[in-house]
Structures are given as structure tokens and as C-alpha cells.
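First to last, the protein sequences are chains S, C, G and H.
Position one of the first sequence corresponds to residue 1 (our numbering), numbered consecutively onward.
Position one of the second sequence corresponds to residue 1 (our numbering), numbered consecutively onward.
Position one of the third sequence corresponds to residue 1 (our numbering), numbered consecutively onward.
Position one of the fourth sequence corresponds to residue 1 (our numbering), numbered consecutively onward.
Treat the hints with care, since some could be wrong.
Remember, identical chains collapse to one label, so a pair may be satisfied in a single copy or spanning two.
Once the Cα atoms are required to be at most 20 Å apart in a straight line, the calculated EDC-like pairs of lysine to aspartate or glutamate come out as [to be verified]:
id: 1; residue 1: K92; residue 2: D48
id: 2; residue 1: K69; residue 2: E58
id: 3; residue 1: K69; residue 2: E47
id: 4; residue 1: K30; residue 2: D78
id: 5; residue 1: K83; residue 2: E65
id: 6; residue 1: K90; residue 2: D48
id: 7; residue 1: K69; residue 2: D82
id: 8; residue 1: K30; residue 2: E65
id: 9; residue 1: K90; residue 2: E36
id: 10; residue 1: K34; residue 2: E58
id: 11; residue 1: K90; residue 2: D78
id: 12; residue 1: K34; residue 2: D78
id: 13; residue 1: K34; residue 2: E65
id: 14; residue 1: K92; residue 2: E58
id: 15; residue 1: K57; residue 2: D78
id: 16; residue 1: K69; residue 2: E45
id: 17; residue 1: K57; residue 2: E74
id: 18; residue 1: K83; residue 2: D26
id: 19; residue 1: K57; residue 2: D82
These aren't lab readings, by the way, just hints derived from the structure by calculation.
Given next are the chains, with one letter for each unit.
Protein chains: 4
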Amino acid sequence: MIISQLSIAPVGVGTSLSRYVRIVLDVIRKNNIKFETNDMATVIETEDLDTLFKVVKEAHTAVIEAGAKRVITELKIDDRRDKDVRLGSKIKSLQ
Amino acid sequence: MIISQLSIAPVGVGTSLSRYVRIVLDVIRKNNIKFETNDMATVIETEDLDTLFKVVKEAHTAVIEAGAKRVITELKIDDRRDKDVRLGSKIKSLQ
Amino acid sequence: MIISQLSIAPVGVGTSLSRYVRIVLDVIRKNNIKFETNDMATVIETEDLDTLFKVVKEAHTAVIEAGAKRVITELKIDDRRDKDVRLGSKIKSLQ
Amino acid sequence: MIISQLSIAPVGVGTSLSRYVRIVLDVIRKNNIKFETNDMATVIETEDLDTLFKVVKEAHTAVIEAGAKRVITELKIDDRRDKDVRLGSKIKSLQ
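Just chain S, same shape as in the assembly (with noise of 0.2 Å):
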């Protein structure tokens, strides 16, 4: 599995963004994605690349057609071939 870490941002849509935020979580849900939400980013299990793209791609555009006219969206993929990792794996190896 491949843990990453996304954020979707609109710029220019004013200080408040949990809306688009929602947006984003909605998205993921539909596509049936584990994740974990957090104060800075969401953390998402995909089993190859080709699904994270899909998704990273059908959240930002959701965010566009609801009427961001500029969008950042920051992914950091951690794909880890040594070693089978699952959502909540890194955390538990802290203990």
C-alpha cells in the first residue's frame, strides 16, 4: 500500500476553507479510500499510484468546479517497496 499525504487548498476564496475542505473529503469517500483527517492534511491509503492520481485528480478539480478560480494541491507520497505498510502502520511502529 502507499501512504500519502494531500492537501487541497483554493486561493482567493477568502481566510475559510473547511468548506472546500469538505469537498476534497467527499471525493475521497465516494471513491472508497481509507484516510484519516488531521489539522494540516489527510492521509490517504491507495494500492498503487494509478488509484492516488484518480482520486488526487476527480478532489481538485471538485474544488475548481466549485468555483476556485486558483487551487494548490500539495501530495506527499511515501511508497514503501521493502515492506507491506498500511494506514496507521507508521504510527503503531512509534510504540
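Keeping the supplied structure of chain S fixed, place chains C, G and H upon it in accordance with the hints.
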């Protein structure tokens, strides 16, 4: 309060980095900083930029002192002056 | 055009990563993508998200095929729909 | 030397941010920090973490003083202790 996302990763010490994440969390705890760790980063709440940079410097330096010859530290600061924001506030605003 | 910042770094292969940066740049060149490399990342211009994700996937995969067992890929997409932006436009607007 | 990538962006002030990028660059120049700006970020060279955090704090604060009610500052620090690295060294090692 200022909410920040912090990730400190040594380069060239193998693929498992959990030992170094623990060092970073120890520094955050010793400084009595409120934090939440997820699979990709640690989200922290600090009163001001000076407190933030003090703890980031201390954590970054601790990873070097633990033997890392190259360290990549990533910090994303969300500083909102129109509203009092705490650790957990942004998640709450989504509900 | 969409302007993005890309960084692909293997973890656990030593402190020198320039060999892998060259692999990433080769993939970008072969795809005829306009780019500018700096000391911390490569800035690229793509016509749409599909082109962007295709080249990021190919570059990320090439680093894994070169022997990396863990790869961290970071992508920051700046997608502006109110204005035609090209590689170099933002620097020009500062002058 | 420590090489860092810095991006400071106000949220909620419209889609054009070049006015604020200029404020950040002015602070960097006044501090006699070596830098290179690209379309997505500014890469800077500092002697140590104290100098780095001093200039980041000053630039972040200048953007708030210019009227931004919310500022997102992103900093990626590449601190290499096994080799003397300067602004431009990493690009040179690719040739």
C-alpha cells in the same frame, strides 16, 4: 495559536526512520508543546513563531546528534490572525 | 498551463541523491515537458493534470526500478484558471 | 551551508500573490541572504539554523503586517553535514 505540520527525516540511514521520529517527539514533549502525530507528519500548536522555531531547531539538531549526516526538515506553518485556532479546531469545523 | 513543483527522493540509498535526480530529469525530457531545475526541486509546466500525473508516475517508477526500496515523492500543483500562466510567468510578474 | 526552500503565501487576499512575494524577497535581500527565486519557491543559503529562522520569521511577519489575515509558510531545510554545499552546488552535481 499557530498550527504547524512538521516532518524531520534523516537521509542515508536506511529505510526505517521510526527511531528518528521518536527522537523528534521526545523533543516536542520535553518542550510541553501540544501535538498530534499521524503517519506522515506531526501537527503542533505553538503560541508564537519563536516557540515554534526553538522546538524545530532542537528536534532537527537532535536527529543530527543521533548520527544523521543529512537531514530534511519540512515545516508548514498555518498562521491565522482573524480567529483563535487551536489543535483540533480545524477538524471540528468540518463536522 | 499548470505549473508544478516536483521532488522525488529515494530513502536508504546514501546521502548523495544526484544519480536519482538525473533519472527523474531524463523522464521529464523524454516526455517533452518544459522544466527548470533548482537546488531543491524541479518546476514543470504541463497542459493538464493527466499529463502531469503520467510523467510523475513514470519518474517515480523509474527511481524504484533503479533500486530504491522507499521513495518519497513531493508534488505541489499550482493550477490557475483565471489567467494563462507559463513556466517563467511568475518570475516575470515580480519585475 | 544549509540550503532551504521557502514559500510564504497569504490566504484570502485574491488570486494574485506577487505583491507578497516581493515583500518576502525584500526581507531576504535586506538580510544579505544568498537566494534564487523560481516560479514556485525561493531557494536560500544560510550559514546556520538561527540565521534561517530569523529571516523566515521576519518575512512571514512582514506579509502579515502587509495586511494578510492568514499566512501559509512552507519551509524545507536540506542540512548536509558530510559535505560543504552552497547555493548552486546541487545543480552543478547533475552535470
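**Q.** Violating hint indices (sorted, rising)
**A.** Numbers 1, 4, 13, 14, 18, in rising order.
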